[in-house]
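In the order they appear, the protein sequences are chains A and B. With the first sequence counted from 1, adding 495 to any position gets you my numbering. With the second sequence counted from 1, adding 121 to any position gets you my numbering.
To be clear, the hints were calculated from the coordinates, so they are not data collected in a lab. Computed from a predicted model, the values in this text were never measured in an experiment. There may be inaccurate statements among the hints.
[Stated by the list, open to error] Pair by pair, the computed Cβ-Cβ distance ranges are:
hint, chain 1, residue 1, chain 2, residue 2, range
1, B, P224, A, A763, 54 to 60 Å
2, B, E141, A, M672, 53 to 59 Å
3, B, D211, A, R750, 39 to 45 Å
4, A, K760, B, T206, 56 to 62 Å
5, B, Q343, A, A763, 52 to 58 Å
For each residue, glycine too, the CB sits at the ideal point set by N, CA and C.
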Amino acid sequence: MEPSLVTLGPHFSGTADDFPALLRRKGLLAPATVTSTSPVATPHQKSWQPTEATTILAFKFSGGVLVAGDRRATAGNTVVYDRADKVLEIDRQSIMAIAGVPATAWEMARVLEHSFQYFRRTQLQEMSVDGKVRALSKLLRDNIGFVMQGVGVVVPIFATYNSHPKPEARLYFYDAMGAQFEAADYAATGSGSPAVRGILYYENNWGGKPLQKTSEDEAISIALRALDTAAESDTSTGGVDRSGKIYPLIKIVSREGIRTLPESKIAAVFKETVA
Amino acid sequence: MIEEPYRWVEAIANRREYIEMQLASGSPIVALGYRDGILFLTFGQRRQKLFEIYDRIAMGAIGHPGDIERLRMAAIELASTEGFTRSAADVSLRRLVHYSLSPVMKGAFEQVYGAPYLARMLFAEVGDRPEEDLFLRVDYDGEIASNGATFTQARRDFAVLSGTRQSSEQMESFLQAEHSPDAGFEAALKSGLDAWSIGHMTLQTSDAKELPERTAITKYRQEQLAKAGVEAGILERDASRAIRYRSLLDKELRALIHE
Numbered sequence: 496m497e498p499s500l501v502t503l504g505p506h507f508s509g510t511a512d513d514f515p516a517l518l519r520r521k522g523l524l525a526p527a528t529v530t531s532t533s534p535v536a537t538p539h540q541k542s543w544q545p546t547e548a549t550t551i552l553a554f555k556f557s558g559g560v561l562v563a564g565d566r567r568a569t570a571g572n573t574v575v576y577d578r579a580d581k582v583l584e585i586d587r588q589s590i591m592a593i594a595g596v597p598a599t600a601w602e603m604a605r606v607l608e609h610s611f612q613y614f615r616r617t618q619l620q621e622m623s624v625d626g627k628v629r630a631l632s633k634l635l636r637d638n639i640g641f642v643m644q645g646v647g648v649v650v651p652i653f654a655t656y657n658s659h660p661k662p663e664a665r666l667y668f669y670d671a672m673g674a675q676f677e678a679a680d681y682a683a684t685g686s687g688s689p690a691v692r693g694i695l696y697y698e699n700n701w702g703g704k705p706l707q708k709t710s711e712d713e714a715i716s717i718a719l720r721a722l723d724t725a726a727e728s729d730t731s732t733g734g735v736d737r738s739g740k741i742y743p744l745i746k747i748v749s750r751e752g753i754r755t756l757p758e759s760k761i762a763a764v765f766k767e768t769v770a
Numbered sequence: 122m123i124e125e126p127y128r129w130v131e132a133i134a135n136r137r138e139y140i141e142m143q144l145a146s147g148s149p150i151v152a153l154g155y156r157d158g159i160l161f162l163t164f165g166q167r168r169q170k171l172f173e174i175y176d177r178i179a180m181g182a183i184g185h186p187g188d189i190e191r192l193r194m195a196a197i198e199l200a201s202t203e204g205f206t207r208s209a210a211d212v213s214l215r216r217l218v219h220y221s222l223s224p225v226m227k228g229a230f231e232q233v234y235g236a237p238y239l240a241r242m243l244f245a246e247v248g249d250r251p252e253e254d255l256f257l258r259v260d261y262d263g264e265i266a267s268n269g270a271t272f273t274q275a276r277r278d279f280a281v282l283s284g285t286r287q288s289s290e291q292m293e294s295f296l297q298a299e300h301s302p303d304a305g306f307e308a309a310l311k312s313g314l315d316a317w318s319i320g321h322m323t324l325q326t327s328d329a330k331e332l333p334e335r336t337a338i339t340k341y342r343q344e345q346l347a348k349a350g351v352e353a354g355i356l357e358r359d360a361s362r363a364i365r366y367r368s369l370l371d372k373e374l375r376a377l378i379h380e
């Protein structure tokens with residue numbers, strides 16, 4: 496905390512800045528990247544390879560939104576870590592689940608977490624859900640340069656609970672350039688997501704009942720089955736490690752806030768309905 | 122004119138007198154360390170006086186709203202950038218006040234051609250145990266008072282802020298006798314309201330040597346409660362969550378005030 500950081504000069508305008516802008520002003524965050532206009536790729540080559548090697552899924556159920564992610568982190572075809580945490584709490588009500596380059600994604604989550612706190616403290620009110628959704632979108636767009644270079648792709652899911660004006664769970668997914676889409680029922684991202692999307696679509700339409708009507712145990716079971724299916728064909732998805740007893744990370748966003756399901760609970764549901 | 126040293130001293134003295142006069146009507150703020158955290162308390166008349174600064178730090182202030190706002194923003198900026206680049210555990214109220222705010226306020230106060238900060242602030246940082254609670258009061262001239270022990274004074278588990286020195290001294294001597302750090306919330310709330318009442322009563326008299334009678338305090342507190350809203354916030358000691366500050370609603374508090 497250097498004393499010189501106190502800038503209370505005539506140009507001081509704390510209220511006008513959002514948190515990323517404050518960090519940039521102080522040189523603590525890389526400037527929003529601007530890409531060169533000449534793409535390196537030839538017409539026959541994709542300009543960047545998707546590297547979001549993981550599986551993240553989220554869907555609404557009777558008790559809020561369930562967000563689940565496998566635990567595997569990979570670099571190329573090497574598994575570097577089997578207990579990665581890709582479902583991150585941003586504040587008491589919001590979760591960001593990430594597929595993509597961990598360095599960028601975790602930094603983004605950190606900026607986002609601080610942005611929401613900073614907004615509440617300076618503006619003396621909570622940031623609205625739309626504001627939060629937009630803040631993440633802006634971070635993704637600022638990151639576009641790295642995406643184009645193929646080194647910093649992040650494709651997140653954002654789940655939150657809106658208490659005003661109507662109490663309801665809200666679920667959003669993004670593309671790597673920052674476009675946001677509100678999901679009506681479910682969202683999935685990462686390399687294993689095609690399989691997961693198929694399962695969730697099937698469950699929602701022809702399963703026992705629509706996803707939004709499922710109980711917590713049923714929802715957990717669906718999430719575990721979906722991740723296990725994704726892991727079956729996608730090497731980058733850890734699924735459930737039966738020998739190492741490593742289970743996916745599942746968090747639930749509801750009116751009461753965020754709850755991380757204990758491993759024992761997940762293990763019990765897994766044993767009963769999946770294994 | 123200020124090339125001559127005695128003129129500078131005179132200018133500073135005038136400025137001090139002017140600021141003291143401006144602050145003299147400020148309604149008191151009480152901060153009490155109790156078993157489960159720190160309670161901040163005042164009677165809100167017109168505008169918000171208690172603020173969250175960071176995970177474990179809160180602030181109360183009297184003075185010009187514009188100056189308070191600039192200092193509040195600076196404190197939040199400093200704490201937030203520190204917490205972001207390092208970690209929340211590295212954000213320290215002691216450093217924030219001693220190294221950042223105090224020099225800036227002293228500088229502004231002594232530059233006689235510029236405007237000083239018309240503000241008096243009370244900061245508190247909640248610790249894991251009551252002995253670790255830190256209270257710092259920063260004045261318009263950068264002067265810092267802490268709750269730490271000195272040669273003449275034992276460590277305190279409370280701090281107050283008021284428009285005049287007399288008023289804060291009265292509140293302090295009351296709390297010195299009445300308040301203990303292992304008090305529960307209701308007891309802390311009661312001593313806080315009483316201390317505020319004493320502080321506010323003292324602002325309206327020119328010479329108050331003795332503390333008012335207990336019945337007079339209670340009567341005054343009841344009168345104030347009947348016409349003004351209580352503004353309060355707590356920094357919770359509970360380490361299970363990162364963000365400890367929570368503002369309390371007037372309604373929540375009134376249910377706990379019995380007499």
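Okay, the hints, checked on the actual structure:
1. B:P224 x A:A763: 54 to 60 Å: holds (58 Å)
2. B:E141 x A:M672: 53 to 59 Å: holds (58 Å)
3. B:D211 x A:R750: 39 to 45 Å: At 34 Å between Cβs, range violated.
4. A:K760 x B:T206: 56 to 62 Å: violated (37 Å)
5. B:Q343 x A:A763: 52 to 58 Å: At roughly 56 Å between Cβ atoms, A:A763 and B:Q343 fall inside 52 to 58 Å, so the hint holds.
Checked against the numbered hints listed earlier, the structure breaks hints 3 and 4; every other hint is satisfied.
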